[in-house]
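S.K.: Take the sequences, apply the hints, and build the full model.
Protein chains in written order, with this note's numbering: chain A, 1161 to 1525; chain B, 19 to 574.
Take the hints with a grain of salt, since some may be wrong.
[Stated by the list, open to error] Reference excerpt, derived from the structure (chain A facing chain B, CB under 10 Å, subset only): (1) Met1219; (2) Leu1235; (3) Ile1269; (4) Gln1289; (5) Asn1361; (6) Glu1374; (7) Ser1446; (8) Ile1458.
Simulated from the structure, these hints should not be mistaken for lab results. Glycine is no exception: its CB is placed at the ideal position from the N, C-alpha and C atoms.
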Amino acid sequence: MLENRAPRLDRGFWTITAVFAALSVLAILFWYSPVALPLVLPPVGAQPGEDIDALLRFMAAAGTTLYIFVGGYLLYFMIVFRAKKGDSPDAIGVQIHDNHNLELWWTVIPTIFVVILSILSVRIWYSVQLAQPANGLVVESIGHQWFYTFRYPQVHGEITDEMHLPLNVPVIMNVTSQDVIHSFWVPAFRLKADMIPGLINTIRFTPKIPGRYEIVCTEFCGTLHGAMNKQTVVVEDEATFDKWFHGWQAKNAHVSDALPKASAGAVDLAGGNQHLGQTTFAAKCSACHAVGPFSQRIVGPGLKGVLHDASHPNLVDGDKATPENVAKILQQGYKGDMGVMPNATANQLSDKDIANLVAFLNSLK
Amino acid sequence: MSVAEVHPGGIAGHIHPEPQGFVRRYIFSIDHKIIGIQYLITGFVFFILAGLLAEVIRTQLLHANGGFVSNDTYNEVYSVHGSAMVWLVIIPLITGGFGNVLMPLMIGARDVAFPWLNLLSFWIFPVAGLMLFSSFLMGAPVAGWTEYPPMSLQSGPGTSMWCAAIFLVGVSSTLTGINFVVTMFKMRAPGMTFTRMPLFCWAQLATAPLLMIATTALAAALAALFMERQFGVPFFDPTKGGSPVMWQHMFWFYSHPAVYIMILPVFGMISEIIPTFARKPIFGYKMIAFSSMAIALAGFMVWAHHMFTSGLAPYLQLPFMILTFTIAIPTGVKIFSWTATLWGGKIHYTTSMLFAVGFVALFTLGGITGVLLAAVPFDLHVHGTYFIVAHFHYVLVGGSLMGLFAGMYFWFPKMSGRLLNETLGKWHFWLFFFGFNGTFLPQHWLGMLGMPRRVPIYDPQFQFWNDVSSISSYVMAVAILIFFVNVLYSLRNGKKAGANPWGARTLEWQIPSPPHYYNFKNIPTVYGLPYDFSQPLPYKGLDEELTDSPIAVGGH
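M.R.: Here it is in structure tokens:
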């Protein structure tokens, strides 16, 4: 017997649809209840972690709803439309090839969903990537096999155990690596940035809850990659932080004094030695700049002919390419649309070093 | 239009005598069916090896402090596991294996367009596979299947061997892609228009350009990495002016399309299996065919969503995020269409059908977590964690591998003439289904809670769910053992299948199992889609095939 009669959308179908709808409501209530996220995420410790959690909550609720309906109908149809014992062996199903209305709907509804999700994601992306405070405590972290070091502005030397941050103060975290690619991830902050040698990646956040938070490496970096989760971020109130920070500063005072220091005023360029400059360039500059034409970019442009290139008469900050202006950038660093270059303090350059470097750059024609 | 215009000359035009002698027939064969079966056997051998490596990984992770193997061995093990599963198992099995066996039969051709090229494609593959596994002898790669430099510049000589091996597999798949495209364009039977072509062939047609185009980017990246490692040519080393991020771009420009290489042909298999056992036409044939093409095209434009934490300019993240969301639409169309195909059916629950429906259920979950990952803010949290591991195993094991098993139970009778045992098959399915979910479901929250991937040791707070995962993985291993026992047992003792054990309607089921060397003595003429169960078969010129004796092969 050939069965060719189209089954109707009967009461069973609508009942099960109502069940799926009820389950979906429960799922949505679950994801928006305070019990859900702590099951799958560590407690959030910094802004914009809350925003990222809000996005996850929405996507998890929507995804669960979708899955209840797709998985539910799949299971329901499997049971209702199974071949039964009494069926003739050559019984066939109802011969429907398509239904343009239905196909239109299940293209349009997901499209609408994609638009909504895009809007929401872009908004949260904006809050995470662009809307964070532009000024704050600048902290650097450098990845090594297999630990992190941390640096603070105005203090020489690197901290090798834990990183301290003051509560409610915006943090601008610049990360890079000295060897292979690592990643800087604080699960409680919901943020990570890969530490890539030759590149500086930045994440910005504001610690909101005091505590000790694990830092985890998520890019494979060698034998002890799995053990690169032993260091912590300590978030504490500002007074405690200041105490720690001054202690750290004092401990390093003698180190700081011993280091060559650039003066605040204009650098005297007379007597710069281009051969010494070449050595300094190799040690301090070549990670980001090539001794090649302008187009040979590593992080910054190639510097061959930086003072003699007619097609690039101006420096990155818009000033004329003169030895004095090059010295000024070396001394003060650069921060702007074209990226970031550390200043003389961060690069540990003395006035003499700067004069030598300018002499070296001037010799590249 | 005369028949000669549809398939001008070549192997389609006449019947060649079957080569004699074991070596010409079964080793260096140019018969697409034999080559396909060679791919399947070789692929499954590599599957066993890479699967054993997976069990080493899970055994190590039974304890937070590891201890089963050393850290360095563990790193080698997971790197070779991933590389082998992608390049030596999934891709060759579904393109070289199922594609070769089925596609020419389904379009009514006597072989692929370039049989000798096909022979070359296949024989590159086991050589490359042995090279990849031999890297264990000299210090295998450690930086995962992605081999990001500068890490991959520092590891042992095996990494150069890895480059060479993957390069060769890439050559093999590129050749296969060319072969398939030409075959489908030039060698369809008369009347087999593109809009009458089975959906499995549509899926292969969408996959072939990915094989041809994307693989070349990978080849360039591998050549560069090899040159840098062996001859010091600085492409990626930042201390010499190279860029490690460039590798990531080149690698993912291949490897994201590769994700679709690994799933589109399986979509095609599911689109054949579900209608057959539901005794219903596939719902929305054109939309399924079109969505394969849309997915393949969009798959080329989303690679950088693997690199949201690598320091892309923030604005650059947006187009990649939104385009990735968009891929959910054609993928959703497929899932809804398969579900709708069940509606009003007369569903027969063979093992093949169970795997096909299981595929839909698990792949959907992998697809949903894929959308979650595409959202930049959430990705910033879970990138590089076990959440990623869970996501892509739902797509590649719950998806591709489940689909492969569905295909094996479905087409094994066509290849061997015997059915796989259904009792063993049901054991295989249920153990695999529960073992799989037990292994990979907990990894979602392990990742979100803070467990990074590629670690031989981990924070003890994660040990419980890792133990659940590891123990479930042993259940999967038992299921897979049952599958291989089933294959070996059924090859000799399975029930005789006959030409068409499932009552399926595509062309390959209208000829004997296994098919003759020449496939079709008379090339049939096709009058319609193969999915209408209430109509007579839409083929003419086939009848004598079923009763024909396999020896009556003439020269030309």
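S.K.: Now tell me, hint by hint, if it's right for this structure.
M.R.: Comparing the hints with the structure gives:
no., hint, in the structure
1, Met1219, "5 Å, holds"
2, Leu1235, "8 Å, holds"
3, Ile1269, "9 Å, holds"
4, Gln1289, "4 Å, holds"
5, Asn1361, "4 Å, holds"
6, Glu1374, "7 Å, holds"
7, Ser1446, "8 Å, holds"
8, Ile1458, "6 Å, holds"
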